[in-house]
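Heads up: the protein sequence lines correspond to chains S and R, in order.
To convert, note that position 56 of the first sequence is 56 in the working numbering; the numbers rise steadily by one, no gaps.
Offset between the second sequence (1-based) and the working numbering: plus 1000.
Calculated directly from the structure, the hints in this document are not laboratory data.
We treat Cβ as the ideally placed atom computed from N, Cα and C, and that holds for glycine.
Some clues are possibly wrong.
[Stated by the list, open to error] Not the full set, but computed from the structure, chain S residues with beta-carbon under 10 angstroms of chain R:
id: 1; residue: 21
id: 2; residue: 27
id: 3; residue: 211
id: 4; residue: 214
id: 5; residue: 231
id: 6; residue: 284
id: 7; residue: 304
id: 8; residue: 405
[Unchecked claim] Interface residues of chain R toward chain S, partial, derived using beta-carbon atoms under 7 angstroms:
id: 9; residue: 1043
id: 10; residue: 1059
id: 11; residue: 1302
id: 12; residue: 1313
id: 13; residue: 1322
There are 2 protein chains.
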Amino acid sequence: MSQGAASAAVVSVGNELLFGETLDTNAAWLGRKLATLGISVVRGYTVGDVAEDVGWAVREAIQVADLVLVTGGLGPTPDDLTKVAVADVLGRDLVVDDRVRESLQERYREQGMEDVPPAAYDQAYVLAGSDPLHNAEGTAPGIFLRSDETMIVLLPGVPRELEDIVSGSLLPHLERLQRNASDRVWHHVIHTTGIAESRLTALVEERLADVPDEERLGVRLAYLPDLRGVDLRFTAAGPSRDDAFARISPLMQSIEDVVKPYRFESDSGDLAEAVNQILREHGMTIAIAESCTGGLIAKQVTGIEGASDVFSGGIVAYSNESKIDLLGVSSADLAEHGAVSETVATQLALGVADLMNSDIGIGVTGVAGPSGGTEEKPVGTVWIATSLGDEVAATMCRYSGGRAAVRAKAGQAALAAVYRRLVDATA
Amino acid sequence: MSQGAASAAVVSVGNELLFGETLDTNAAWLGRKLATLGISVVRGYTVGDVAEDVGWAVREAIQVADLVLVTGGLGPTPDDLTKVAVADVLGRDLVVDDRVRESLQERYREQGMEDVPPAAYDQAYVLAGSDPLHNAEGTAPGIFLRSDETMIVLLPGVPRELEDIVSGSLLPHLERLQRNASDRVWHHVIHTTGIAESRLTALVEERLADVPDEERLGVRLAYLPDLRGVDLRFTAAGPSRDDAFARISPLMQSIEDVVKPYRFESDSGDLAEAVNQILREHGMTIAIAESCTGGLIAKQVTGIEGASDVFSGGIVAYSNESKIDLLGVSSADLAEHGAVSETVATQLALGVADLMNSDIGIGVTGVAGPSGGTEEKPVGTVWIATSLGDEVAATMCRYSGGRAAVRAKAGQAALAAVYRRLVDATA
Chain S
1 MSQGAASAAV
11 VSVGNELLFG
21 ETLDTNAAWL
31 GRKLATLGIS
41 VVRGYTVGDV
51 AEDVGWAVRE
61 AIQVADLVLV
71 TGGLGPTPDD
81 LTKVAVADVL
91 GRDLVVDDRV
101 RESLQERYRE
111 QGMEDVPPAA
121 YDQAYVLAGS
131 DPLHNAEGTA
141 PGIFLRSDET
151 MIVLLPGVPR
161 ELEDIVSGSL
171 LPHLERLQRN
181 ASDRVWHHVI
191 HTTGIAESRL
201 TALVEERLAD
211 VPDEERLGVR
221 LAYLPDLRGV
231 DLRFTAAGPS
241 RDDAFARISP
251 LMQSIEDVVK
261 PYRFESDSGD
271 LAEAVNQILR
281 EHGMTIAIAE
291 SCTGGLIAKQ
301 VTGIEGASDV
311 FSGGIVAYSN
321 ESKIDLLGVS
331 SADLAEHGAV
341 SETVATQLAL
351 GVADLMNSDI
361 GIGVTGVAGP
371 SGGTEEKPVG
381 TVWIATSLGD
391 EVAATMCRYS
401 GGRAAVRAKA
411 GQAALAAVYR
421 RLVDATA
Chain R
1001 MSQGAASAAV
1011 VSVGNELLFG
1021 ETLDTNAAWL
1031 GRKLATLGIS
1041 VVRGYTVGDV
1051 AEDVGWAVRE
1061 AIQVADLVLV
1071 TGGLGPTPDD
1081 LTKVAVADVL
1091 GRDLVVDDRV
1101 RESLQERYRE
1111 QGMEDVPPAA
1121 YDQAYVLAGS
1131 DPLHNAEGTA
1141 PGIFLRSDET
1151 MIVLLPGVPR
1161 ELEDIVSGSL
1171 LPHLERLQRN
1181 ASDRVWHHVI
1191 HTTGIAESRL
1201 TALVEERLAD
1211 VPDEERLGVR
1221 LAYLPDLRGV
1231 DLRFTAAGPS
1241 RDDAFARISP
1251 LMQSIEDVVK
1261 PYRFESDSGD
1271 LAEAVNQILR
1281 EHGMTIAIAE
1291 SCTGGLIAKQ
1301 VTGIEGASDV
1311 FSGGIVAYSN
1321 ESKIDLLGVS
1331 SADLAEHGAV
1341 SETVATQLAL
1351 GVADLMNSDI
1361 GIGVTGVAGP
1371 SGGTEEKPVG
1381 TVWIATSLGD
1391 EVAATMCRYS
1401 GGRAAVRAKA
1411 GQAALAAVYR
1421 RLVDATA
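Construct the complete structure from the given sequences, taking the supplied hints into account.
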């Protein structure tokens, strides 16, 4: 109903979301997907498997958004009541849709069953006056309808089914919503790692204090911290990406030098992608020896498409024996300095690069906790070494947080160290 | 305001949540934490960094819940406006709290700064009549206040800060909310893996069809699917866990035999935890050779506390050379059958168990995609082998979804295979 850019509201249905047993990745995915289409999600509602609560959220959402997406509660189980609740709010009947019924029958016949089981047959009911949206990944179709000025879409809660419907049969409807191009919202994100949010904020805001409001041209800046680093997100409205970027660009330049030492380039915001990319540009390969991170860094590097071109291999060396036997770490050094030490990290990096015949080696050894800490080396102590040919650099870090946080931060720091070395080697 | 068990509503503030750039892990964590205290989250609201929207959500939340938790927008940056919005809704002033001001000054003095920077000084302002909640992990304190019958709590959006405050200074307030013990809600969860939701639902509902409503004693059952498997969650209200479990137990028994082949025991629902536990019970160790999963399985196994007792080591063997040189895979077999084959998976499992001197070996090799598929071995084809001493079992799986989904499903299946073998060995 808003006059500006098209707006959306997301209603997420499911007790498991309220109880926190499932993360609402669907709402986040929809937020990102709609943003690429110039549609802003302005509000989210999470309700349990209670018809009145679903009805309340849909009534509220219709009042603030052009597009209302309801996720979850479309399946064949008894707690799936989204259709009933929405039909009630809109005063519509539930009717059998012949196309859905036939495709259900076909699907079950393919599985060798004579007819659709009664529970699954519920899926053939749709709201009167609605269009079913084809679901290539499952049996529950999406449902599309209009009520006055508002588009209402019901989607299954299984992520790959929801994503299939939105990117497939729903897409043409969404593209029709992009009607007011002058108000599309554009983002430009700078990714940083290795600097605390408070410190980055202080540095950036100090620079921006010199830029008067009228020179900011409506550009907004947000700081988005997580375990991996802090993203700076610039936002501007405008008819095209170029137009918005022309206004964002001067602000970015005014903070360029304070951000540069922490910045990395990656479309997804994933530092492992940035490392893969810069290795590919240099035609280099990497090998990873991990103790406390236990395979986490190799998992991240190999999570990127085409990693086999740049990743030569990894060793998860938990025991002293594997460090000595496989990676050539000196048993005397292990005895004298302990596994969590500069010399062992260094030998791990050199050893794995040698073993895997790789240009670059990473060696990580630390105390992830919760036990194993000492006064000298408390939980969170991690040595990170990176080798480039024969040259090795090692750093000691102390991380707070639990086992998962220490491992995640150590992995991020190791990737950041490799990235920074390769950027500096080019500069 | 509700008369039954204490209820909560969570208001999540931040454009990054609506845009989907950050997952709302805080809301999920709060849902789980409050459930352990017998407080049910009944509604969630997600709004952007817009004062009116924050105000709307808080007004709505006060009407449906005894406890309103507002997360995000408490930091030192200009888009942090939660305090202003809530003060406006409640008609209260913002006043400097001397304790917060002093602790801020102390913190900055420790960092060698003479005074608190103006931006950070905003954090000393709290709502009139509220109590600050100590934040051991950061500078922004939580804020606790009462408005009529409702408790309202403002929390920072950084997860570890939020968790520190809730588990620390907020906890006594929450415990006071558990006043109506007869209505506490209890859950019992059965974790399964290796069976599709639709199939599991059909099997379970067929059994439960024989149980008349009056014998269900108010127990509800929900199916919670994700990439890792399907959880069955039983829910019952009652004065104690024992009382609720006494009613849940007969229903569980009636489905026991259909669930058993897929069930695993783990407090966290993490199969890697179940594998660590059963290895520990048997006094056995595991070693892992991964190709397409790239370290993911080792990362999961080592993510569990005390993994060093049961995990002997891992190899991420991406290249044929590392499979041959490190793990003794036959180059003739690689040439004849290809890297994604039963014989290579088998040799990987045996090879890594031998190399790491381990009781059990896992070998995983597959096509994670998006490229690398062939007609015979399309993307998603994965061979998984597990060895126990000299005995090896191997299975081929075909997974749908993208690279991340194929890797996650393959990792889960490999852990499930080890778990099932050890359970069967005991039975």
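Hints versus structure:
1. 21: holds (6 angstroms)
2. 27: holds (7 angstroms)
3. 211: Hint on residue 211/S: violated, closest Cβ of chain R at ~13 angstroms, above 10 angstroms.
4. 214: violated (17 angstroms)
5. 231: Since chain R brings a Cβ to about 7 angstroms from residue 231/S, closer than 10 angstroms, the hint holds.
6. 284: Cβ of residue 284/S sits 15 angstroms from chain R, so the hint is violated.
7. 304: Cβ of residue 304/S sits 9 angstroms from chain R, so the hint holds.
8. 405: holds (7 angstroms)
9. 1043: holds (6 angstroms)
10. 1059: violated (12 angstroms)
11. 1302: holds (3 angstroms)
12. 1313: Holds. Min distance 5 angstroms.
13. 1322: holds (4 angstroms)
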